[in-house]
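K.L.:
Chains as they are written, first to last, in full-length UniProt numbering: chain D, 1 to 149; chain E, 1 to 83.
Don't read these hints as lab results, they were simulated from the structure.
In this text, a Cβ means the ideal position worked out from N, Cα and C, and glycines have one as well.
Certain hints may be false.
[Unchecked claim] From chain D, some residues computed to sit far from chain E (all C-beta separations above 12 Å):
1) ILE26
2) ASN67
3) ALA127
[As the list claims (entries may be wrong)] The list that follows gives simulated cross-link-like pairs (lysine to aspartate or glutamate, DMTMM-like), each with its CA atoms no further than 20 Å apart:
4) LYS98/D with GLU65/D
5) LYS136/D with GLU124/D
6) LYS2/E with ASP28/E
7) LYS98/D with ASP23/D
8) LYS12/E with GLU128/D
9) LYS48/E with GLU38/D
10) LYS145/D with GLU105/D
11) LYS2/E with GLU73/E
12) LYS136/D with GLU49/D
13) LYS48/E with GLU60/E
14) LYS2/E with ASP72/E
15) LYS136/D with GLU38/D
16) LYS12/E with GLU38/D
17) LYS12/E with GLU49/D
18) LYS12/E with GLU124/D
19) LYS12/E with GLU125/D
20) LYS2/E with GLU60/E
21) LYS145/D with GLU65/D
One letter stands for each residue in the lines below.
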Amino acid sequence: MAIRVQADDFDIGAELAALTEGDASIGGVTSFIGLVREMGSGPSAMTLEHYPGMTERQLAEIEAEANRRWPLQASLIIHRYGRLEPGDRIVLVATASKHREAAFESCHFLIDWLKTRAPFWKLEETAEGSQWVEAKDSDDAAADKWQQR
Amino acid sequence: MKLLYFAWLRTKIGVSQEDVAPPAEVRDVASLIGWLQTRGPNFADALKNPSVVRVAVNQEYVRPGHPLAAGDEVALFPPVTGG
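Extracted from the complex, chain E is given alone in its bound form (with noise of 0.2 Å):
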């Protein structure tokens, strides 16, 4: 699985990307969020309010039960401030 961040959620974590095998459990956004919420201090602050964070699966908007897939690119980010 591909993940992406953007924002400040990529200089909190520290990473722009990178490539990650979630344990079984791991079935759906919510729970990869809990988990990636374990991986060390920087993934806990950046992650310590799900609500603010927005997921994209393959690029497309989705919302917390959306489930996963080992092939799936999954970016988190902000909400957006463009145009």
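So here's chain D without its partners, still in its complex pose (with noise of 0.2 Å):
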């Protein structure tokens, strides 16, 4: 299990090889990348500002439910901060088990997790000047569907 809160970009490949580097037990990682899009009138620059300390608290607990929910071997959440440009990578989720459901499934989960509790908040940049993301009741739906019956 790990977390990192950074600014600096990260290298898929590397992060995604030493996951599962030294451990012949896992049979399968599942990876999600959130990247900066373009919004409607054309390409917007974005600043992550987030809440130092809790953002890396939320984080390992979400990690932690996962881990409660699914058999992983390995579980990795880094989500940079700081000002980005459309491309720009934004977020790394990766889970690894010796299954593909559990590696498929706890991936989900966790992106969906983190989008409505990790304290990251997006100011965009546009043509009337900066303006605070609104949250979307979808990504809420997104998340209760993990909820626990």
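These two chains come separately, so use the hints to put the complex back together.
P.N.:
In structure tokens, the structure reads:
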């Protein structure tokens, strides 16, 4: 289990190779990479603000919950902060397990929960000036489907 | 008590953090927000709709009825938009 919150970019290949290195019991890895995408009227950069301390704590809790629900051999969450431009990587979530179902499901769970719990906020640069991005109900709905019955 | 503000709550209030000593009747998160609303037009505007304000005490999410203590770190922020 590993959490990193950083301004710098990350190397996807190197991170995924390191995740599984030395553990031949791993049968599959699932990864999700979130990118800054162009919005509406064209390219817009953004600045990601976060709450140092609580961010790491919440990500660790989310990761621990994934490890309680699925048999994982390894997991990794990297989330960037600071100014990012369209095409830049924002987040990497990766999970490794003996079998693919656990890897797929836990990776999906992690990004859905992260989006509604990890204390990050996006400030978008638009032609009209900087605007805070509004939270989406669809993100809450995506996270809700993982509530245990 | 240490207060932290993030995102548009920070920009509307005008500071990112402050140390405060609320009056004795402030015992929980809801009464803290009620008191903060009286501290000036910037606070009144930022906190006019408490239902859109998320609160963490000592870096854990809490509900409006959560009790407060003098040494708490209380953060107020909008719904998160990371990932």
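K.L.:
Now, for every hint given, state plainly whether the structure supports it.
P.N.:
Hints and how they fare:
1. ILE26: Consistent with the label, ILE26/D stays out of reach of chain E, its closest Cβ about 25 Å off (over 12 Å).
2. ASN67: holds (19 Å)
3. ALA127: holds (19 Å)
4. LYS98/D with GLU65/D: Since the Cα atoms of LYS98/D and GLU65/D sit roughly 18 Å apart, the hinted pair holds (cutoff 20 Å).
5. LYS136/D with GLU124/D: Judged against 20 Å, a Cα distance of about 15 Å means the pair holds.
6. LYS2/E with ASP28/E: OK: LYS2/E and ASP28/E at ~14 Å, within 20 Å.
7. LYS98/D with ASP23/D: Given pair LYS98/D, ASP23/D holds - Cα atoms ~10 Å apart, limit 20 Å.
8. LYS12/E with GLU128/D: holds (18 Å)
9. LYS48/E with GLU38/D: violated (32 Å)
10. LYS145/D with GLU105/D: holds (12 Å)
11. LYS2/E with GLU73/E: holds (5 Å)
12. LYS136/D with GLU49/D: The given pair, whose Cα atoms are some 18 Å apart, holds under the 20 Å limit.
13. LYS48/E with GLU60/E: violated (23 Å)
14. LYS2/E with ASP72/E: holds (6 Å)
15. LYS136/D with GLU38/D: Measuring from Cα to Cα gives roughly 17 Å; hence the hint holds.
16. LYS12/E with GLU38/D: Status violated; Cα separation ~27 Å.
17. LYS12/E with GLU49/D: Judged against 20 Å, a Cα distance of about 15 Å means the pair holds.
18. LYS12/E with GLU124/D: Holds: LYS12/E and GLU124/D sit about 17 Å apart, inside 20 Å.
19. LYS12/E with GLU125/D: holds (18 Å)
20. LYS2/E with GLU60/E: holds (14 Å)
21. LYS145/D with GLU65/D: holds (15 Å)
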